[in-house]
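Sequences listed follow chains A and B, in order. Mapping of the first sequence onto my numbering: position 6 corresponds to residue 6, and the numbering continues sequentially without gaps. Mapping of the second sequence onto my numbering: position 216 corresponds to residue 216, and the numbering continues sequentially without gaps.
By construction, these hints were calculated from the structure, which means they are not laboratory data. Take the hints with a grain of salt, since some may be wrong.
One-sided excerpt, in silico: chain B residues whose CB lies under 10 Å from chain A [unchecked claim]:
{"#": "1", "residue": "Met85"}
{"#": "2", "residue": "Ala136"}
{"#": "3", "residue": "Phe139"}
{"#": "4", "residue": "Pro147"}
{"#": "5", "residue": "Glu228"}
Only a predicted model underlies this, so the values are computations on that prediction, with no experimental measurement involved. Note that the Cβ used here is the ideal one computed from N, Cα and C, for glycine as well.
So you can see what is in the structure, the chains are spelled out below.
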Amino acid sequence: MSDTQIWIIIAALGVGTFLIRFSFLGLVGSKPMPPIVVRHLRYAAVAVLPGLVAPLVVWPNATDGTFDPARTLAALVTLAVGYGTRNVLWSMGAGAVTLYGVMAFQTLI
Amino acid sequence: MSISISKSPFRRGVFDALPFLIIVAPFAFLFGVVAVEAGLNMAQIIGMSVAVFAGASQFTALQLMQDAAPMVVVITTALAVNLRMVMYSAAITPHLGQASTLQRVFLAYFLVDQTYALSVSRFEQTPEWTLAQRVAYFFGAITPLYPTWMISTVLGAMLGTQIPDWLALDFAVPICFLALVGPMLRTPAHIAAALTSGFAALAFAFVPNGMGLLIAAVLAMSVGAQIELWQERRGQAQ
């Protein structure tokens, strides 16, 4: 990707993200959104992030795309602890411990 | 009056935001590391953190750039990650919508997961606060977060190449994202949307140019919205 393209992406993301944040605060004001819009927006983040992560978990770059038990297990533990504790830090910590634990175990056997 | 530890709203905002630094600092550091790997120079890395100031979408953009997706797909998908902020903007407007235009420009720029979550919960607890106090609290909350985000980004970009392979830093991004997603799974609809997103992204991985992720995201949003609708109707029927 060329330097110019990278800068265009940065600028577009900057402007777009600002307009998203400014939408109601600056432009619409305290007017209710149509329920169908709210209903979709609520799921925007959980609709993108798992899809972004799934291929990185199942086909990791670091192992040239072959299935890796350490990474898959770490991913499942991270998600489960995050869901169970509602705590981002515990979740990250549990994922890291699992990843390093299983990788250390793999080098031993 | 009792000798209470009375804090100005600004200082209270600063104080309330401090615990978030434990997450923001490593997340920003990691962004710097990954951005260098993706081929961005220091000016572009800082530029992106200043212009966008939204971690998850910045990572999304980097990932798609590394996959050599077309610019339109990079921009659309990364902005989709930020669409949740429309709701933040709507939720915070009853509290801060009367601020001056210049203030609202800055409030909008600094509207991130943390400032939104802190402000809305604090403003609901303190309905007696004036507009000026609410604005002060919000700017207080961003005061430790913003410099930490910027400095950690730069540190990550500078030190990232020295991190040894055995640390498996490639997997820090998936772990960070999953750690963010886990607590978001509040309802069956959220869980269904997340599962749809993950499995559909794998199923559509053959679709070139990062379009598979966009398809998965649209599907997942519809699934979440539809399940919510069903549950609402079932609740009304009972």
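*Output the numbers, in ascending order, of every earlier hint that fails for this structure.*
2, 3, 4
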